[in-house]
Amino acid sequence: MSTGKLDRLDFMSARALGRAIADKRISSVEATTQAIARLDEAHKLTHCIIAREADEALAAAKAVDAALAKGQTLGPLAGVPLAHKDMFDRTGKIASWGARIRAETPATRDATVIARLQQAGALQIAALHLTEFAFGPTGHNYVLGHARNPWDPQRITGGSSAGTACAVAYGAIPAGLGSDTAGSLRLPAANCGITSIKPTWSRVSRAGAMPLAACLDVLGVISRHVEDLALLLHILAGPDGRDAATADVAVPDYLSTLDTPVKGLRVGLDAKVAGEAHADVQAMVQAVLRVLGEAGMVRAECAFPDWTMLDHSAQVMQLPDAAAAHAHWLTTRPDDYGPQVRARLEVGHFISGVDHMTALRARGTLLQRTLDTTFKDIDVAILPITADPLPTIAELDVAGSAAVQATMARVVKFCRPISYLGLPTLTLPIPRSGKQLPGGVQIIGRPFSEPLLLRIGQAYQKLVPPEIARPL
Amino acid sequence: MTQTLNDAINMPAGYLDMPVERRAAAMAHAAMLSATMRKLAAELPLTADVDDFKRVLQARGK
Numbered sequence: 035m036s037t038g039k040l041d042r043l044d045f046m047s048a049r050a051l052g053r054a055i056a057d058k059r060i061s062s063v064e065a066t067t068q069a070i071a072r073l074d075e076a077h078k079l080t081h082c083i084i085a086r087e088a089d090e091a092l093a094a095a096k097a098v099d100a101a102l103a104k105g106q107t108l109g110p111l112a113g114v115p116l117a118h119k120d121m122f123d124r125t126g127k128i129a130s131w132g133a134r135i136r137a138e139t140p141a142t143r144d145a146t147v148i149a150r151l152q153q154a155g156a157l158q159i160a161a162l163h164l165t166e167f168a169f170g171p172t173g174h175n176y177v178l179g180h181a182r183n184p185w186d187p188q189r190i191t192g193g194s195s196a197g198t199a200c201a202v203a204y205g206a207i208p209a210g211l212g213s214d215t216a217g218s219l220r221l222p223a224a225n226c227g228i229t230s231i232k233p234t235w236s237r238v239s240r241a242g243a244m245p246l247a248a249c250l251d252v253l254g255v256i257s258r259h260v261e262d263l264a265l266l267l268h269i270l271a272g273p274d275g276r277d278a279a280t281a282d283v284a285v286p287d288y289l290s291t292l293d294t295p296v297k298g299l300r301v302g303l304d305a306k307v308a309g310e311a312h313a314d315v316q317a318m319v320q321a322v323l324r325v326l327g328e329a330g331m332v333r334a335e336c337a338f339p340d341w342t343m344l345d346h347s348a349q350v351m352q353l354p355d356a357a358a359a360h361a362h363w364l365t366t367r368p369d370d371y372g373p374q375v376r377a378r379l380e381v382g383h384f385i386s387g388v389d390h391m392t393a394l395r396a397r398g399t400l401l402q403r404t405l406d407t408t409f410k411d412i413d414v415a416i417l418p419i420t421a422d423p424l425p426t427i428a429e430l431d432v433a434g435s436a437a438v439q440a441t442m443a444r445v446v447k448f449c450r451p452i453s454y455l456g457l458p459t460l461t462l463p464i465p466r467s468g469k470q471l472p473g474g475v476q477i478i479g480r481p482f483s484e485p486l487l488l489r490i491g492q493a494y495q496k497l498v499p500p501e502i503a504r505p506l
Numbered sequence: 057m058t059q060t061l062n063d064a065i066n067m068p069a070g071y072l073d074m075p076v077e078r079r080a081a082a083m084a085h086a087a088m089l090s091a092t093m094r095k096l097a098a099e100l101p102l103t104a105d106v107d108d109f110k111r112v113l114q115a116r117g118k
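Protein sequences, first through last, are from chains A and B.
Sequential numbering from 35 applies to the first sequence in this note's numbering.
Sequential numbering from 57 applies to the second sequence in this note's numbering.
It should be emphasised that the hints constitute simulated quantities derived from the structure, not laboratory data.
All values derive from a computational prediction rather than experimental measurement.
It is possible that some hints are incorrect.
Keeping only pairs whose Cα atoms sit at most 25 Å apart, straight-line, the calculated SDA-like set for lysine to any residue is [claimed, not checked]:
1. A:410 with B:100
2. A:306 with A:440
3. B:95 with A:496
4. B:95 with A:45
5. B:95 with A:343
6. A:410 with A:341
7. B:110 with A:407
8. A:496 with A:45
9. A:306 with B:99
Ranges between beta-carbon positions, derived for each pair [to be verified]:
10. B:95 with A:313: 26 to 36 Å
11. B:91 with A:327: 35 to 45 Å
12. B:102 with A:334: 34 to 44 Å
Glycine is no exception: its CB is placed at the ideal position from the N, C-alpha and C atoms.
Please work from the sequences and hints to get the whole structure.
In structure tokens:
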């Protein structure tokens with residue numbers, strides 16, 4: 035049975051859909067059936083699906099409906115259809131990792147994030163596109179095919195969590211999982227006009243997730259509604275004995291503080307760093323600042339430590355870490371890699387152990403300096419996510435050419451340094467008008483300040499409501 | 057391109073099967089990053105430690 039607002043499930047948040055299913059205003063089977071149909075449409079436009087799992091999802095949806103019919107109380111996401119980047123262990127399955135090279139045997143255990151979502155009752159209707167081995171910021175995948183932006187299929191999605199962003203932006207699913215090593219939750223969310231949360235490094239367990247560079251890897255959520263970021267992060271966050279890096283820091287109830295006013299909070303802009311973006315991107319930052327001002331926030335100035343030093347430090351950490359993880363395959367099966375990932379992995383072999391250790395040793399010092407100076411008089415910072423307006427797939431099709439390092443460096447210019455600092459960021463889509471292409475900016479907080487970031491996002495969405503991608 | 061044994065011994069990461077141009081580009085990129093790391097090393101205290109990052113991060117979460 036579906037009436038009124040429930041006729042537009044594509045606009046609903048996961049939280050609202052979960053309540054509607056629990057209240058039996060719609061069945062999980064109906065919601066899941068509709069989600070699968072929309073995801074199939076999205077795939078035709080964007081190439082977002084790697085593995086379609088409709089039968090399994092519908093069987094799980096029937097079980098949820100049956101349990102609810104018996105009066106059982108289930109989790110907040112019971113029967114809600116989601117889909118995730120194809121990089122997580124799931125019992126009995128082999129994740130594609132977006133690659134030709136894969137694990138030889140099926141997983142014997144679910145990744146922690148998958149297990150926690152299942153415990154909350156969520157369903158998974160598909161495994162979604164990612165850049166090969168999650169190592170690429172544009173959505174190009176030279177092994178499985180490139181992802182295409184749902185607003186304009188000639189343009190990039192951003193990566194590496196491309197499929198999740200496409201499916202969420204299209205309205206196929208309300209939310210899904212992604213990962214971020216140097217921008218992979220922020221770039222696709224910004225380019226597809228939706229939101230994402232990259233939590234503080236160590237906030238969410240990576241156990242059972244494909245690593246790219248463990249020293250930087252963070253798992254997070256992509257969604258249209260900030261309230262879903264809060265709901266899912268609350269489910270996902272917290273210590274996990276399977277990931278020794280997870281922080282022993284209490285997990286707050288992110289939903290309970292979501293509607294706390296943001297009036298008087300100070301948002302700082304580093305004009306020198308932001309000034310390195312294209313003028314149109316700088317205009318995006320100003321547009322978001324105007325909205326935050328309407329919400330009562332106060333503009334301020336701030337200055338990050340030497341941006342090039344932060345960026346180079348991130349690379350010196352990431353490249354050998356990724357190269358070490360792939361060292362065996364890169365020497366025994368080099369031709370099974372796509373040209374871009376192969377060329378980028380190779381660079382890690384030329385970075386000295388001394389330089390790698392310097393970047394690791396300096397990380398705490400530079401984080402402390404950032405907190406003591408950059409954040410001294412502000413609550414959050416704002417920076418671009420992308421350096422340039424949304425490019426076409428052809429414009430960034432550099433494969434493994436000599437241009438690859440410089441091209442990728444430009445794409446992740448505003449993301450990688452924040453990954454080095456381990457700070458949490460919220461992606462806010464820009465307020466759009468007419469046929470303006472999507473874009474987004476990042477709101478950056480102190481460690482474990484996710485409740486504050488989510489409050490700001492909630493206040494922002496009251497003024498700039500979430501959109502569904504429709505080709506322009 | 058297949059490297060000879062001598063080539064492999066005499067060049068960094070000689071075990072990787074890379075064309076000369078890509079190898080040169082990778083070495084140049086690593087050299088650029090290394091120059092920045094030398095500057096960074098000069099301003100680090102001797103006691104700087106890889107665990108500092110987790111300590112600073114978690115201190116803010118308590």
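Are residue 306 of chain A and residue 99 of chain B close enough, with their CA atoms no more than 25 Å apart?
-> 23 Å, holds
Given the proposed pairing of residue 95 of chain B with residue 496 of chain A, does the C-alpha separation stay at or below 25 Å?
-> Violated - the C-alpha atoms of residue 496 of chain A and residue 95 of chain B are around 46 Å apart, more than 25 Å.
25 Å limit on alpha-carbon distance, applied to hinted pair residue 410 of chain A and residue 341 of chain A = 18 Å, holds
Mind checking the hinted window 34 to 44 Å against the Cβ distance between residue 102 of chain B and residue 334 of chain A?
-> This hint holds: roughly 36 Å between Cβ atoms.
Sort out whether residue 45 of chain A lies within 25 Å of residue 95 of chain B, counting only the CA atoms.
-> 51 Å, violated
For the pair supplied as a hint, residue 110 of chain B and residue 407 of chain A, confirm whether the alpha-carbon distance does not exceed 25 Å.
-> Roughly 19 Å between the alpha carbons, so the hint for residue 110 of chain B and residue 407 of chain A holds.
Within a Cα-Cα threshold of 25 Å, do residue 496 of chain A and residue 45 of chain A meet the stated pairing?
-> 15 Å, holds
Verify the proposed pairing of residue 306 of chain A with residue 440 of chain A, using a straight-line Cα cut of 25 Å.
-> 20 Å, holds
Does the Cβ distance between residue 95 of chain B and residue 313 of chain A fall inside 26 to 36 Å?
-> 30 Å, holds
Are residue 410 of chain A and residue 100 of chain B close enough, with their CA atoms no more than 25 Å apart?
-> 22 Å, holds
C-beta pair residue 91 of chain B, residue 327 of chain A: status relative to the range 35 to 45 Å that was hinted = With a Cβ separation near 41 Å, residue 91 of chain B and residue 327 of chain A satisfy 35 to 45 Å, so the hint holds.
Is residue 95 of chain B within 25 Å of residue 343 of chain A, Cα to Cα?
-> Between residue 95 of chain B and residue 343 of chain A the Cα gap is close to 9 Å, so the pair holds against 25 Å.
In this structure, the hints that do not hold are numbers 3, 4, in rising order.
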